[in-house]
Amino acid sequence: MYTQQRTIPVEPEASLEKQDERHLIEQAKTGNGLAFDELTRRYLEKAYSLAYQMLSHPDDARDLVQDAFLEVYRTLDRFNTQYRFSTWLYRILINKCINHRKRETRRRMLSLSDLLSHRENGEATALSVDLRAHPKTPHDLLEQDELQRAIADALNALSERHRTVVVLFDLEGFSHKQIAEILRCPEGTVMSRLHHGRLKLKSLLSKRLKGYF
Amino acid sequence: MTCSHVQRQMTLYLERACPADEIAAIAYHIESCPACAGAVADVQRVKTLLQAVRIPPLDPSLQSAMMTAIREQRARTRMIRLSAHRAWLGDRLTVFHRPLYAISAAAAVVIAGATVVWYLLTSQPTTLTQGMREGEEMRFYLKEHALVADQNVFSNGAFGSVLVSNVKKK
Numbered sequence: 001m002y003t004q005q006r007t008i009p010v011e012p013e014a015s016l017e018k019q020d021e022r023h024l025i026e027q028a029k030t031g032n033g034l035a036f037d038e039l040t041r042r043y044l045e046k047a048y049s050l051a052y053q054m055l056s057h058p059d060d061a062r063d064l065v066q067d068a069f070l071e072v073y074r075t076l077d078r079f080n081t082q083y084r085f086s087t088w089l090y091r092i093l094i095n096k097c098i099n100h101r102k103r104e105t106r107r108r109m110l111s112l113s114d115l116l117s118h119r120e121n122g123e124a125t126a127l128s129v130d131l132r133a134h135p136k137t138p139h140d141l142l143e144q145d146e147l148q149r150a151i152a153d154a155l156n157a158l159s160e161r162h163r164t165v166v167v168l169f170d171l172e173g174f175s176h177k178q179i180a181e182i183l184r185c186p187e188g189t190v191m192s193r194l195h196h197g198r199l200k201l202k203s204l205l206s207k208r209l210k211g212y213f
Numbered sequence: 001m002t003c004s005h006v007q008r009q010m011t012l013y014l015e016r017a018c019p020a021d022e023i024a025a026i027a028y029h030i031e032s033c034p035a036c037a038g039a040v041a042d043v044q045r046v047k048t049l050l051q052a053v054r055i056p057p058l059d060p061s062l063q064s065a066m067m068t069a070i071r072e073q074r075a076r077t078r079m080i081r082l083s084a085h086r087a088w089l090g091d092r093l094t095v096f097h098r099p100l101y102a103i104s105a106a107a108a109v110v111i112a113g114a115t116v117v118w119y120l121l122t123s124q125p126t127t128l129t130q131g132m133r134e135g136e137e138m139r140f141y142l143k144e145h146a147l148v149a150d151q152n153v154f155s156n157g158a159f160g161s162v163l164v165s166n167v168k169k170k
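Order-wise, the sequence lines are chains A and B.
Taking the working numbering, the leading residue of the first sequence gets 1, the next gets one more, and so forth.
Taking the working numbering, the leading residue of the second sequence gets 1, the next gets one more, and so forth.
Please keep in mind that the hints were generated in silico from the structure rather than gathered at the bench.
C-beta: ideal position from N, C-alpha, C; glycine also.
A few of these clues could be false.
[Stated by the list, open to error] Covered, in the sense of this in silico footprint (three residues per stretch, anywhere, with C-beta under 8 Å from a C-beta of chain B), are these stretches of chain A:
| hint | region |
| --- | --- |
| 1 | 50–64 |
| 2 | 74–80 |
| 3 | 85–92 |
| 4 | 98–107 |
| 5 | 170–183 |
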């Protein structure tokens, strides 16, 4: 008997990965702890990196990443597997980071002494700059330290919407489309925020790094 | 192509996110406009500076600690959910701690069970013609059939059609 065979074009790795993830999510929904562990393991590093860039503070980043995964676990029943799990996770995480920063800003505004000590301790130097092209003389190291402090301060000085887009695009390497999905806004808005964020950064950095601009 | 247009489209140009002809037009403008060329170069420098920022990879011990913490918090959440469900069910079952309610519920269950058993034991399956056989009308038809059967060869067929019509009526 003749049977018609159809060749269905598939992207082997991408579709397998997606299918596998979907399967893991379905398993996790039924209460399979190992499946959720696997999902956590896959996205933990990226989530931590993102939170770290958003907050410039390792302990806060760790706490918020844990909170985000816990919220994902609590609300997993409501997650539609037709959407990307990573987008959903990063959206939750970014919202947590933004809320945390707002709370922190409010708290620091209430305590002037806290703000001063924060600046003296140089907490905002969590980011490091990879300038391997430059030779590491003591002068360069000093310059590098100044540079990382300047970038961290400039990023902290941006508004939340600009900072979020700059971190996602320039530091974490997400595409406009992914950022638009995560932030639930049009791609044009993402590009506009990126543009204004970079201009603001240029203005802030040019005051601190006179040799660069 | 104006300078203000180039300033607005700068990011799209740098990310090559606008049409090819526009990229070419902006590039052409930049070649002849030092102000725009400087502005584009400045933003490019910011971009390069940001791309040079690297954060150290997640330490395996920290990763493991975070995994453990997430697992523990999950277990705690599950326990809280479970105890909440138990409490919810417990609240509803406390009604039966009162003897009157408990006796009423037990009596209701016994009566319902007895009703079902009685129904199953007493009810018999009824056939289609059972009701007809017991009726007065059917007795009349049977008598008529007995009289006619010997004289008319089609009487059995006629009798059958009477039965069918009778069933349809019922």
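Against the structure, the hints:
Counting residues of the region 50–64 of chain A whose beta-carbon sits less than 8 Å from any beta-carbon of chain B gives 3, enough to reach three: the coverage restraint holds. A stretch counts as covered by a chain when three or more of its residues have a beta carbon under 8 Å from one of that chain; for the region 74–80 of chain A and chain B the count is 1, and the coverage is violated. For a cut-off of 8 Å, the count of residues in the region 85–92 of chain A with a CB near a CB of chain B stands at 0, and the three-residue condition is violated. Proximity of the region 98–107 of chain A to chain B, defined as three or more residues with a beta carbon under 8 Å from a beta carbon of that chain, is not established by the 0 residues found.
With 3 residues having a beta carbon nearer than 8 Å to a beta carbon of chain B, the region 170–183 of chain A meets the requirement of three or more and the stated coverage holds.
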